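Asker: Sequence:
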Amino acid sequence: MAYLLLYVDDIILMASSDTLLQQIIQSLTAEFKMTDLGSLHHFLGIAVTKQANGVLLSQSTYAADILSRAKMSNCKPASTPVEAGSKLSADSGSIFEDGPFYRSLAGALQYLTITRPDIAYAVQQVCLFMYAPREPHFQFLKRILRYIQGTLHQGLLLSPSSSTALTAYSDADWGGCPDSRRSTSGYCVYLGPNLISWSSKRQSTISRSSAEAEYRAVANTVAELSWVRNLLLELQVPVRHASIIYCDNISAVYLAENPVNHQRTKHIELDIHFVREKVRLGTIKVLHVPADYQYADIFTKGLPKHLFQRFRSSLCLRSPTAQTAGAC
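The letter at position 35 of the sequence shown is residue 35 when you use full-length UniProt numbering, and the numbering goes up by one with no holes.
Rather than coming from a laboratory, the hints here were simulated on the basis of the structure.
Check the hints yourself; a few may be wrong.
In silico BS3-like links for lysine-lysine, alpha-carbon gap of 25 Å or less [what the hints assert, rightly or not]:
#	residue 1	residue 2
1	K87	K285
2	K50	K87
3	K87	K201
4	K142	K285
5	K142	K305
6	K305	K201
Here the structure is a predicted model, which is why all the values come from computation and not from measurement.
Taking the hints into account, I'd like the entire structure generated from these sequences.
Answerer: Structure (structure tokens):
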């Protein structure tokens, strides 16, 4: 068995044996001009560090470059990327004079979210106003940079595990947008103990109730889980048990099981049938989780410091062990 990940002219190649690996490399080298760089250390700006407890994916050098471009390399760190309860409006404050600079930083932060799920919500917020940024939007963006300054070396840890269980957390901030009153959906997906997928996204339509907003978020999570299950099947790692989605809205959990439509659900009928079909087939289960354990909350709104840090610890974010080795 061999897996090859190709992006333009960068390749990651893995195989079940060294012999097979060398055979594939020789075959590819015979057809294309290639260089074997040995064990994986960097890929598309992402540093890959092997540790005793797994592999750490980090973009610390890239993050430091963003801070340098913003002239904030020596800024005072912030404890969270977003102030609790902070909301951005399209019309608040004066126009930011250097729109291309704002868009450059916001786009760079988007790429940083590949290994930094803790800033996904904050980056999603600043990217909503790239077409016409204002001063409050830039101050919001600078808060993200201050937070990155204090967590520069954090990365995503992937630990060895034989588990193929898929678990997801789904949440929504109902009517959170002060301009359109559209909701923000968020989810995070775990394969065994490892975080492999996450999202923070504003919903495309207005929800008339919190249950509707939450159910739309659940439907988005079901779609992501279905894609991951199919991908794992293609990689010869089939998921043989139902994937669990945890939602903190009891009404949304009941709607996933209850086959009866009523007045409150007619606006989300397609999502209703999509989720219920997966539940009926036994590939998905939607269960209730208390709000205190709803990790996806970090993808839908700004949280108080203590709650943000507690939820962040569940996102598999770690610092390199080499940094703490001297203190042990």
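Asker: Okay, which hints does this one fail, numbers in order?
Answerer: Of the numbered hints given earlier, those the structure breaks are 1, 2, 4, listed in rising order.
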